[in-house]
Amino acid sequence: MKEHSREASVAVAIVLLMLVLATLAHGYFSRENLADLFLANMPVMIIALGMTLIILTGQIDISVGSVFAICSVVTGLCARGGLPAVFGLLVACVAGAACGAVNGGFVAYLRVPSIVVTLATMVALRDTLRWKTQGSWVGNLPSNFQWFGVTQQVYTAGTLVMVVLLILLFVLGLRFLRVGRTVFATGSNETAAQIAGINTKRLVFTVFTLTGALTGLAAMLNSVRFNQIPSNSGLGLEMKVIAAVAVGGTAITGGTGTILGTVLGVGLLGSIGTALTFLNVSAYWEKAIQGGIILSAIILNALSTHHKKHANSINALPG
Amino acid sequence: MPSQVKPARRIRFSNGEWMLLFALMTEIVLFCAAAPGFFAWTNMFEVLRFSVELGLLSVALTPILITGGIDLSVGSAVGVSAVIFGMAWRDGHMPIPLAVVVALLVGCGCGALNALLIAGLRLPPLIVTLGTYSLYRGIAEGITHGAVSYTGYPKSFLVLGQGYLWRTVPVQLPIFLLVVAAYVLLLHRSVIGRALYAIGFNSEGAGYAGIPVRKRLALIYLLSGVVASLAAIIYVAHLGLAKSDLGRGYELEAITAVVLGGTSVFGGRGTLFGTLLGLFFLSVLQNGMHLLALPSELTGVLIGLLLLGIVSYDRLRAMRINAKPRIYPLSGARATRSKQVVTVLGVLLLTAFAILLPRFLRTAKTSATKSDVRVATGHRPVIAVMPKAKGDPYFISARAGAEEAARELGVDLIWDGPTSLDASQQNELVETWITRGVDAIVVAVENKGSISTVLRKARQHGIAVLTWDADAEPDARDFFLNQATPEGIANALTDEAARLLPSDGQFAIITGPLSAENQNEWIAYVRKRLAAKYPDLTLTTVQPSDDDRDKAFSQTQTILKVYPQVKLIMAISAPAVPGAAEAVQQSGRKGVDVIGLSLPAICKPYVHSGVVQTIFLWNTRNLGYLTVYAGWLYEQKRIPPGATSINAGRLGTLQMRGTEVILGTPLLINKANIDSLDF
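Line by line, the protein sequences give chains L and H. Under our numbering, the first sequence is numbered contiguously, ending at residue 319. Under our numbering, the second sequence is numbered contiguously, ending at residue 679.
Think of the hints as simulated: they come from the structure by calculation, not from any bench. Heads up, none of these hints are tricks.
From the structure, some residues in chain L lie toward chain H, with a derived Cβ separation under 10 Å: (1) V102; (2) V123; (3) R130; (4) F226; (5) G291; (6) G292; (7) A302.
Derived list of chain L stretches under chain H, where covered just means 3 residues or more per stretch with a C-beta under 8 Å from a C-beta of chain H: (8) 24–36; (9) 109–117; (10) 136–150; (11) 234–247; (12) 251–265.
No residue lacks a Cβ here, since even glycine has one placed at the ideal position from N, Cα and C.
Let the hints inform the model, and build the full structure from the sequences given.
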């Protein structure tokens, strides 16, 4: 339990919120609402998996919102051009991976600070998209675009399975694969990792590219829930994703954190907005409450791990 | 030894700022050549005036970045200080100086919370300020309900942001210089400043060297909050209003300026001089692009590329120097560096030329044709039309009409505006258009209070000023192109809701962002109409969509579940109608109707499937057409004083009421007529 103290505080918060909701908000735990909640938070969840890796290696990526928008539009254009959905999925992932690779290249090989690189790509990509689309939506999509042409239930179930598999893959990969361990090693002390024979540059590059690809996947999966695609999607998405990862206990300085924590963080922040409506709290205070939750989560994290601040961070690793 | 033979350049520009200085000079020379009206003292001072708020934040962020920290909450601190300032003055009936003190205290509090968490609890600045970024903005929205904007300040206060000393120097400039001077003293001329560099270089080492690391960190985060509130006060005076969304996005712009100025986000390196250069580089770029009438989006693309270019050049240089033996003859190093600099500047210039040259040639060509036309028919008028936000589908469809009219009349059309709702950017654009010397300005006003001053100035310069979509103060413009009054829109929507609902029915509103001026006005009129005419109808809840289709979708899903008695969704932002409609459709709930204000093009599928009953809109294409046509008519002095109607090209004769041109009644769009509309 001790090694999971970071996640524990978020888990406690979620349990408390659930108790409140179960007693006060009728229908919050209905199957329908849970399915809606899952779909609404699915993009954040998928991208947060990649973001966790990036933050674990001691980097950050604030361009995911812009990449998300670009991939959404690319998906729509592919579909309108008559490409089958599976192919569109591939194209979205490749487009996302390409954007991620640009970020990763600058960060890993030119050693430019990741926050600067991704700040630049965030602005440049968003404005390129605005310039090219002039804000117009991608409409007139083929009828088999929505839900990939299957029913809503099949799509929801399929996406759920996919997200769960992805989470498992990341959890197990970080724990048991060599490359997973190198992520922690690089984030804890990059020089030491290099000396130990880890190709940290390639690792950082890969992690950024992977996050790009995941962003593309999220964009595609989100786009098919509708029958037209706005060109301004994903505004502010980066903040949501980073906040979820941070609330989940991943240290922004790299080296410590878990996928489980991220999943809990997404769950907590993602359910707050809806929960407030269910509890009849005015929408005006939503942002303040979210900020309060982020702050209290990190303060709790800090207090619960304060006594072992100087301990070797490898101790905090699972397993 | 090396310190004795330091070349002058290294002493003055310790951080390679001369590279940026050169880039800035190049930029200025380019714009002088290409942009009309760029090279004038008044324009230079305008550029400075518009960069003060951002400049204050950048200056405050510089020492923070030097210590290896970051403060994402400065923009939000501006927002919360501004609304509390407005509140203290208007609702608290405090005199202005006292309200200023209150605002500064609020900023101090914002900074103190950051300082407590970062320096006191040793939490990472990025995450702390990400949390307070959300918290401060949320508090500003919460206490004003997003909707209240505090206006009507006395002239003596507005001078702070709008006045000029000796008729040329903006009043806020000396204040800015004072703050800069104070920060220069702190950072470059004091023990504390040295300590900050040491902390950024190695905070643990600094601690062992006896530097009170926590105290120093607390100081700069505290100061950053105070400076943010000072920026807020100047901003309020500049715009004449305080609202919860002031300063949104400023944190990233300020960080961009600081980083561009050579400050390393890893800490330990950077100067205020560099920050100022970075700031001016950005402001001059924006100003020049506007004067050249290049689309605003291009500015973002250029800034992004430049940021990448300059920072990676810096890294490359550092890597090359690090790869060499530590001690090397200084003259040799200088030679390589100059060579590299020449390369980089070459690349920079080439990029700039590649982008500007085609445009420049085109301007040259049009000015050639312009003079030909002038010989033949006199002068080819330039009509500048501004939407509230460029990316909004509503305004995009208006643009098509504007272009049509421009072709028909043979006038030059400049179509530019903020990329997202932003009152201060609107002001800035009008200023640049005055400098550029356009013939008519037609503005869709985002905030009445803030834009009227600059529109009056445009009129004084003999420019025809018209407003469309939403009006400014009547004496600030010549004509208002009235497509429908807020009251008319709200009444039409409410009546339609009453028609569709049973007499004791309930409905919900999905609005745009909570702070959207228009929407809040409509909601107020909807409530008024309900009270007056339909007392049994209930407006159950109002939820924001932030003009985001996906957010409107999930808000509607939640509303349908939480309030099963709601039988109608009124969506009053263009992207919210398809979002709400899709949610109703997917819920499978029969008997829930969606009505609202939106564009036929994006609502078509839902109108056909019967989820959306009615949308209201005027013909946006015609409205866009009218902006240019009326601008041209007035500029050509073809609207006599006291006219009761105008002849607007293909729109035929339009009625006038006083100084308002009436476009016609709002269109009621439903299944019957939606296919015949092409916007």
